[in-house]
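Trainee: Here is how the chains run, residue by residue.
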Amino acid sequence: NAGVTQTPKFQVLKTGQSMTLQCAQDMNHEYMSWYRQDPGMGLRLIHYSVGAGITDQGEVPNGYNVSRSTTEDFPLRLLSAAPSQTSVYFCASRAGDRVGGYTFGSGTRLTVV
Amino acid sequence: SQKIEQNSEALNIQEGKTATLTCNYTNYSPAYLQWYRQDPGRGPVFLLLIRENEKEKRKERLKVTFDTTLKQSLFHITASQPADSATYLCALPLGGGYNKLIFGAGTRLAVHP
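Each protein sequence line maps, in turn, to chains A and B. Position 66, counted from 1, in the first sequence is what the numbering used here calls 66; the numbers after and before it change by one each time, with no gaps. Position 57, counted from 1, in the second sequence is what the numbering used here calls 57; the numbers after and before it change by one each time, with no gaps.
Any given hint could turn out to be false.
Listed below are the simulated DMTMM-like cross-link pairs for lysine to aspartate or glutamate, each with C-alpha atoms no more than 25 Å apart in a straight line [what the hints assert, rightly or not]: (1) K55/B with D84/B; (2) K17/B with E5/B; (3) K100/B with D38/A; (4) K3/B with D56/A; (5) K100/B with D56/A; (6) K3/B with D39/B; (7) K55/B with D97/A; (8) K17/B with E60/B; (9) K100/B with D26/A; (10) K100/B with E30/A; (11) K100/B with E59/A.
Hint data in this document are derived by calculation from the structure and do not stem from the laboratory.
Start from the sequences and build out the full structure, keeping to the hints where you can.
Mentor: Rendered as structure tokens:
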């Protein structure tokens with residue numbers, strides 16, 4: 001049981017490049033979310049999904065796109081990377097049948113130069 | 001707008017003492033509150049959830065209180081150990097669907113031998 005798997009662990013992008021951060025969970029969780037974590041600002045919610053085919057915006061969605069075609073996968077796309085998107089990105093999931101805690105991945109450290 | 005506040009200063013305590021961390025929130029009434037632990041370079045790990053109708057919840061050496069009048073949660077670690085050193089985050093659901101979980105910036109705890 002791998003839990004929540006994020007790839008890559010580290011990435012350096014040039015301004016204007018695009019990329020996709022991958023997130024997969026094998027717990028059959030309905031709810032999935034993407035967060036970014038910056039020093040002194042804690043975790044901020046980017047986008048979230050309550051099931052396959054359903055996504056919605058969080059606190060800081062600009063510059064990011066998501067889709068949820070399967071229960072397992074929830075990729076985060078950066079359309080045109082900017083230095084302000086330098087951050088650590090976490091994907092998280094939880095079961096939808098009850099209120100409970102999220103299981104987090106180990107994170108992707110992204111640097112945009 | 002809704003806001004979560006945690007003490008940004010690190011909390012330093014001696015081994016064996018009780019650590020108490022505070023989480024305050026404003027401008028909304030969450031149905032529950034969660035606490036997470038985060039170690040450097042890792043994703044947060046869920047510890048406890050307390051509902052609005054629960055005054056206190058315990059798990060081993062952990063105790064959480066939830067005062068909806070004061071809009072405050074206290075997180076206690078009794079008989080603290082150096083292994084308890086980490087950053088502790090509180091989180092609350094935003095919105096009626098409880099799918100948007102937002103986090104405080106966290107408080108770093110250092111337990112000294």
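Trainee: For the pair supplied as a hint, K100/B and E30/A, confirm whether the alpha-carbon distance does not exceed 25 Å.
Mentor: 13 Å, holds
Trainee: Would you mind confirming whether the straight-line C-alpha gap from K100/B to E59/A stays at or under 25 Å?
Mentor: 9 Å, holds
Trainee: Within 25 Å, alpha carbon to alpha carbon, are K100/B and D56/A?
Mentor: Holds, at about 9 Å.
Trainee: Are the Cα atoms of K17/B and E5/B separated by 25 Å or less?
Mentor: 24 Å, holds
Trainee: K55/B and D97/A: Cα distance at most 25 Å?
Mentor: 24 Å, holds
Trainee: K3/B and D39/B were given as a pair; does the straight-line alpha-carbon distance stay at or below 25 Å?
Mentor: 24 Å, holds
Trainee: Tell me if the straight-line CA distance from K55/B to D84/B falls inside 25 Å.
Mentor: 24 Å, holds
Trainee: Would the hint linking K17/B and E60/B be met if the CA-CA limit is 25 Å?
Mentor: With Cα atoms ~15 Å apart, K17/B and E60/B stay inside 25 Å; holds.
Trainee: Tell me if the straight-line CA distance from K3/B to D56/A falls inside 25 Å.
Mentor: Holds - the C-alpha atoms of D56/A and K3/B are around 20 Å apart, at most 25 Å.
Trainee: Holds or violated: are the alpha carbons of K100/B and D38/A at most 25 Å from each other?
Mentor: 19 Å, holds
Trainee: Verify the proposed pairing of K100/B with D26/A, using a straight-line Cα cut of 25 Å.
Mentor: 21 Å, holds
In summary, the structure agrees with every hint in the numbered list given earlier.
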